[in-house]
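One line per chain: the protein sequences are A and B, in this order. Using this note's numbering, the first residue of the first sequence is number 47, and each one after it goes up by one. Using this note's numbering, the first residue of the second sequence is number 800, and each one after it goes up by one.
FYI, nobody ran anything at the bench for these hints, they're computed from the structure. Where a beta carbon is used, it is the ideal one built from N, C-alpha and C, also for glycine. Hints should not be assumed to be uniformly reliable.
Derived Cβ-Cβ restraints for the label pairs, each shown as a range [stated by the list, open to error]: (1) A:A223 x B:T855: 42 to 50 Å; (2) B:G870 x A:P196: 37 to 45 Å; (3) A:R119 x B:T859: 42 to 50 Å.
Far from chain B, some chain A residues (derived; all Cβ distances over 10 Å) [said to hold, decoys possible]: (4) L53; (5) W105; (6) H165; (7) P221; (8) D225; (9) L270; (10) A271; (11) D370; (12) V373.
Calculated from the model, a selection of chain B residues having no Cβ within reach of chain A, i.e. all distances over 10 Å [unchecked claim]: (13) D813; (14) A847; (15) G849; (16) A873; (17) G880; (18) P901; (19) Y904.
Listed below, chain by chain, are the residues.
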Amino acid sequence: MTPDEVLARTVREEWGRLVALLLAQFRRLDLVEDALADAVEAAARTWPRDGVPDRPPAWLMTAARRRVLDRLRAEAMAARKVPVLVVDARSAAAAAAPMADPGDLVEDDRLRLVLMCCHPALAPEVASALALRLVVGVPTPDIARLFLVPEPTMAARLTRGKRKIVTAGIPYAVPDAADLPGRLDSVAQTAYLAFTAGYAPGSGPDLVRTELAGEAVRLVRVTLAQCPDEPVLQALLALLLLQHSRRDARVDDVGRLVLLPDQDRSRWHHDEVAEALSLLTRMSPRATSSHAESYRLQALVAAEHATATTASDTRWDLICGYYDQLVALNPSPAVRLAAAVALAERDGPRAGLAALDDLDAALPHSHRLPAVRGELLARAGEHAAAIEALEVAIARCANDVEREHLTRRRDELRPARE
Amino acid sequence: MKRYVILIAYEPWDWSSATPAVRQGYFDAHDAFQHYVDEHGEHLGSAALGDADTATTVRTGAGGERVVTDGPFAELAEQVGGYYDVELPDLDAAITAARLLPSAYTVEIRPVIRIEGYDPQ
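Kindly generate the complete structure, drawing on both the sequences and the hints.
Written out as structure tokens, the structure reads:
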């Protein structure tokens, strides 16, 4: 590996650990991230010249720690409130301390970092961005791209989040056992938000965002490594792996959307599917939160798709059963729409259409609802009505890839009308 | 330790018509809150406030003049009805304490900050 590759890999694998370790030592969120970024910059400059150090993470840690100490000393000088001598003594002691090997880090620190970033006192979009930045080390421009906002907007969001943590006193701590499950639910929701951002329709085709969604999978992995028996994290990781495993088959070579039944199943990441299935079978039987149960049921649906050899082998009766449970748990319009699609597969398009009837009021701007209706009408042989519904969907759809797909479908129906 | 002001808001209602049992419920909740604060930090001050319809607002008008009006900052369904000024280890402790207050309240937790360069006499 070249020095650049070693550095990129070290940053990718060790960033959260290093942030956690520096925070444990200095408790200065405002300094830690900048110091680490400076250290990475210095590594990019010096490693190609001086050679890669034996222990790259330890090198970064030492460099970042030195920068934090420099800043603390500068602050003390400026304020002249803390006698310079005291700071010097403190920094001398810190510098003399044995080099902390990030490998020795008590893993608790990483959990503390995750819980701090995903604290319910932070707005969800702020928490998601902070967790990606601080825990998995995603660069700010990439987070901006994932969430479809300009980079300065994302930088400001991260700054606001860090300021809230410091000013409001969000602790760098693991809560009581009684409060931990609720907090891990927040972590799961934060990660799920980041993941779905990568698949959310943007204004144009953007495959990079799908790859970035994978960073949310890493966030769940890091957290699950700390709490290996936590159902909400197991279920969420299974769900994300199953959804993410289809990423390469979702769009064809010319960037057109490929729907699930038409996807080339050999392009799915079957190792990820296998890992998800094993998570689902291993899941702790203990009582789970409604979030955990919702993720689990969604994962079971995704698992049915993932394990069907062909689209026509899909076990729709099982899927409908999972959707019944999901609707009972959370009768949101989006869940009911998905349930209607499954019902149409099991009982025919008329049954699906009937299940769509009362959704219009709840989803007045959705392009998915008329898109589903158009597809079901087409299958029921009502091509004129199908085209009409697809026109509505096309008018509402903001995503180029999806709109092109809907337009193609509408045009296919046209000749059949004559 | 961090210092927080815990603002209490609720929809105005007729306290005078509350039964003794209801009142005792409120008193017990406040006692539980204060007990938690004493155990984990320090209670610096607190007050219950008169209803929002007894408030007087002084604001600066378009021409720079100080205008006095009847009523609170903003006419909302919920009105500030009291506060606690406390020191607690962190936001989680403040949230735990806030949860002990009567469930009819909406509680806002605000960190107290120091203004650089200003030392009150």
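Each hint, compared with the structure:
no.	hint	in the structure
1	A:A223 x B:T855: 42 to 50 Å	holds (49 Å)
2	B:G870 x A:P196: 37 to 45 Å	holds (41 Å)
3	A:R119 x B:T859: 42 to 50 Å	holds (44 Å)
4	L53	holds (35 Å)
5	W105	holds (33 Å)
6	H165	violated (8 Å)
7	P221	violated (6 Å)
8	D225	violated (8 Å)
9	L270	holds (23 Å)
10	A271	holds (23 Å)
11	D370	holds (34 Å)
12	V373	holds (30 Å)
13	D813	holds (33 Å)
14	A847	holds (25 Å)
15	G849	holds (29 Å)
16	A873	holds (22 Å)
17	G880	holds (22 Å)
18	P901	holds (21 Å)
19	Y904	holds (18 Å)
Hint compliance for this structure: hints 6, 7, 8 are broken, all remaining hints hold.
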